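Peer 1: This is what each chain is made of:
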Amino acid sequence: MVHPATKVTVIAEQLLEDAIIKLINESGATGYTTVKGRGKGQHGLHGGKGRTLVDAFSIVKIEFVMKDRDKAIEVAEKLSEKLFVQQSGIIYLSTVEILRPTRF
Amino acid sequence: MVHPATKVTVIAEQLLEDAIIKLINESGATGYTTVKGRGKGQHGLHGGKGRTLVDAFSIVKIEFVMKDRDKAIEVAEKLSEKLFVQQSGIIYLSTVEILRPTRF
Amino acid sequence: MVHPATKVTVIAEQLLEDAIIKLINESGATGYTTVKGRGKGQHGLHGGKGRTLVDAFSIVKIEFVMKDRDKAIEVAEKLSEKLFVQQSGIIYLSTVEILRPTRF
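Protein chains in written order, with my numbering: chain A, 1 to 104; chain B, 1001 to 1104; chain C, 2001 to 2104.
Read the hints as simulated data drawn from the structure, not as lab findings.
As the structure is a prediction and not an experimental result, all values here were calculated from the model.
Here are the simulated lysine-lysine pairs, DSBU-like style, with alpha carbons at most 30 Å apart: (1) B:1036 - A:82; (2) C:2067 - A:71; (3) A:71 - B:1036; (4) C:2078 - C:2036; (5) B:1036 - C:2036; (6) C:2067 - A:78; (7) C:2007 - B:1078; (8) C:2036 - C:2022; (9) C:2022 - B:1007; (10) A:36 - C:2022; (11) B:1036 - C:2067; (12) B:1078 - B:1007; (13) A:67 - B:1078; (14) C:2067 - B:1007; (15) B:1007 - A:67; (16) A:7 - B:1078; (17) A:7 - B:1022; (18) A:36 - C:2007; (19) C:2007 - C:2036; (20) B:1071 - A:7; (21) C:2067 - A:36; (22) B:1036 - B:1071; (23) A:67 - B:1067; (24) B:1036 - C:2082; (25) C:2071 - A:36; (26) C:2067 - A:7; (27) B:1007 - A:78; (28) A:36 - B:1036; (29) B:1007 - A:36; (30) A:36 - A:82; (31) C:2036 - B:1022; (32) A:22 - A:36; (33) A:36 - B:1082; (34) C:2007 - A:82; (35) B:1067 - A:7; (36) A:78 - B:1036; (37) B:1067 - C:2067; (38) C:2071 - B:1007; (39) C:2007 - B:1071; (40) C:2082 - B:1067.
Full structure from sequences and hints, please.
Peer 2: Here it is, written out as C-alpha cells:
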C-alpha cells in the first residue's frame, strides 16, 4: 500500500547549502538528501537586466519529502523567497508515493 | 510518444548498497543508477523509542524504472521489509513517462 | 502558487555528456543539472542481439525542466534518436510543479 506525499527539490550553488538545510530542519521535515553536481542556470537578479547565464558551476541538489502537500508548498515558497531572489537556483515539487507514512 | 512507467527511489546508508542492488537485480529490473550523497534521517527501530535523528551520514540514492506499476510496488515493499525495519532509509515511487518501452 | 512543468532526466555514459549538454543548450532550456554516478543498464544495439548487460559503469544523470510539455517531449525524443540508438542510456519525463515560471 502506498500513500501520496510531496517531494521538494532544491538546486542551488553550494554556498547556499547550510542556509537551505537550516530552513529545512526548521520546517519540520524528518530528513533530507544532498547530492553534489554541476549545473548551468540563470544567475543574478530575478527577472532583472543583470541576469546572465552561468555555465557549469558547482551545485547541490537537496531533496526532502513531506506528507502534507500544503506544508511542502509553504516550505518551498519560504526557501524561494529567502534564498533565490538575488541568487540563481530553482525549486520544484513532485508528487511521490511512500510506503511508510510514519517515517515522514 | 511516451509511455507511463514507475520509478522507485531508494535512499539508504552506503553499507546497504550491495544488498539493495542484489534485490533489484533479482527483481527483473533492467538497470539501476546509483549516486552518492549525504543525508539526514531517522535512524533506529521504526517507530520505536530507540529512534534518533542522525545528521549528514553518507548515503546512496539508487533508482530504477519499471513499466509495471504493481511489480514496482512489490519490489519497493520487498526492499522496505528486508532492509529498513531496523535501519534508516526511505523508499518512494514516482510516475514517469518513458520513450522506449522495450528498454525496461 | 505552483505551475506545472516537465522535467526531463537523461542517464547516460559519461562520454556522451558533452553531446547531451550541447543538445540541451540548443533546445532552449534555461539550465540543467549534472550529477555523476554509477549504473547498470542495457548496452549495445537497441533491441538487437548484440545487447548485453553492463554492470556498474560510470554515468551522468542530467536533468532539465521546461514549462512546455510538448517541447520537453520533443527534446527528449531528439536526444533519444541522436544518442541512444547504439548506446546504452535512458530518458524519462516527470511532471513537476515550479514556483517561478519566469525562470524556465
